[in-house]
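Q: Sequence:
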Amino acid sequence: MVRIQKERFKYTKEERSWIMQDWANSAYSIMITTAVFPLFFKAVAESGGLDSATSTAYWGYANSIATLVISLLAPVLGALADYKNQRMPLFTWFTLSGILATVGFAFAPEGNWQYLFLFYILSAIGFSGANIFYDGSLVDVTTLTRMHRVSAAGFGWGYIGSSIPFVLFIILQLTGILPISQVMLIKLGFVMTAVWWFIFTIPYWKNVQQKSYIEREPEIVRSSFKRLFHTIRDIRQHKQAFLFLLAYFFYIDGVGTIFKMATAIGSDIGLSSNDLIVVMLVVQFVAFPFSILYGMLAKRLGAKNMIFVGITTYIIICVYALQLESLQTFIILALLVGTAQGGIQSLSRSLFGQLIPEGRSNEFFGFYNIFGKFAAVVGPFLVGIIAQITGNSLDGVFALIVLFVVGGVLLVRVKIPEVHEV
0 MVRIQKERFK YTKEERSWIM QDWANSAYSI MITTAVFPLF FKAVAESGGL DSATSTAYWG
60 YANSIATLVI SLLAPVLGAL ADYKNQRMPL FTWFTLSGIL ATVGFAFAPE GNWQYLFLFY
120 ILSAIGFSGA NIFYDGSLVD VTTLTRMHRV SAAGFGWGYI GSSIPFVLFI ILQLTGILPI
180 SQVMLIKLGF VMTAVWWFIF TIPYWKNVQQ KSYIEREPEI VRSSFKRLFH TIRDIRQHKQ
240 AFLFLLAYFF YIDGVGTIFK MATAIGSDIG LSSNDLIVVM LVVQFVAFPF SILYGMLAKR
300 LGAKNMIFVG ITTYIIICVY ALQLESLQTF IILALLVGTA QGGIQSLSRS LFGQLIPEGR
360 SNEFFGFYNI FGKFAAVVGP FLVGIIAQIT GNSLDGVFAL IVLFVVGGVL LVRVKIPEVH
420 EV
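FYI, numbering that gives the first Met the number 0 numbers position 117 of the sequence shown as 116, with every residue one higher than the one before it.
Think of the hints as simulated: they come from the structure by calculation, not from any bench. Positions of the beta carbon are idealized from the N, C-alpha and C atoms, including for glycine. You can take every hint at face value.
What follows is a list of derived Cβ distance ranges for each label pair:
1) ASP274 x GLY48: 30 to 36 Å
2) GLY48 x ASN391: 34 to 40 Å
3) ASP274 x ASN304: 32 to 38 Å
4) LYS210 x GLN387: 47 to 53 Å
5) GLN181 x SER271: 16 to 22 Å
6) SER325 x ILE384: 22 to 28 Å
7) ILE330 x VAL182: 30 to 36 Å
8) LEU334 x PRO108: 40 to 46 Å
9) ARG299 x LEU38: 42 to 48 Å
10) VAL408 x GLN172: 42 to 48 Å
Below, a list of computed lysine-lysine pairs in the BS3-like style, where the Cα atoms sit at most 30 Å apart:
11) LYS298 x LYS9
12) LYS238 x LYS210
13) LYS414 x LYS298
With these hints in hand, go ahead and build the complete structure from the sequences.
A: Structure below.
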């Protein structure tokens, strides 16, 4: 049982600065990972001589390479960052490399898809690497009882932060108010994303300090590998943390698959690209208040119970997906996704933060990131194989119920430490 001081209502300066980092880097997620850059990459690749299928394949390769690199590095980087005064330099290096690579998109030579291929990999590694240290710093900016609320606020404000530069880009695109070409406007959007990311990271650099750490040792890289090996060897000593990661692997795979496959499924039922963009924006704005709400309810009902609420919501989504046939039904499904998406992700992060040993948050969040990254494998494959067998992609979405049920059953077995106020 852990006892800590009574919870404050207002966020501290450290908490606000930590939340602002989610506001800062989430712009990369929607502009670069999801909405604009993939289309730009394909256009450049096809103008450079690749056919449509091959350009899509290379986009997949770029994502796979970035995911593989950061997944292999994550535990080692996390173990290294747990040493005193190591986390912030690592966070800064990965953040700036991601920002500079994003700016680099604007200088892509015409038709040179290889340039974009390389710079996207660098930007994705920078973005994902920085998030290892960002997630790990949650335990340093707040208390155990406030962790769910602060984590949820990060996700919630992140949805708004990601939407603002994207909406501004869409307005500039639709109005044509700037006397520049479409290609130049897209490149301006990339620079705008990088500047947004940099400016709103400044509070994190100024106010977030590493309070939980291990004293430095000689040959810290070698020592980090030894600690990592001992953690894996003595996994039974951290049974609850790794049992949670196993549950997380399954249900977060379902969450990520539904988000990634949404536009493809919308296209299958005849929705236009403009309809899909509008619906995706609606999801962002709905997710904001519900992420905050999940954090508040976790205080009363418990984070584990609220994650079960999220899992149940996604099971309902999988069943409802069989009814998709129009824009109206797709909007209803998207609204359901918005009510649960941020909440289940934010509470998973903070709940894991309560299960890990003191002073080793970065190492364990390295494992957390690995499970999150590799959880992108089973779901899309399941949707694809079921859709191919039945000839209906909606049947594939329905099959994702299996992932949520398995994740939920495993989560039941996770024992959460008691946290009491004094």
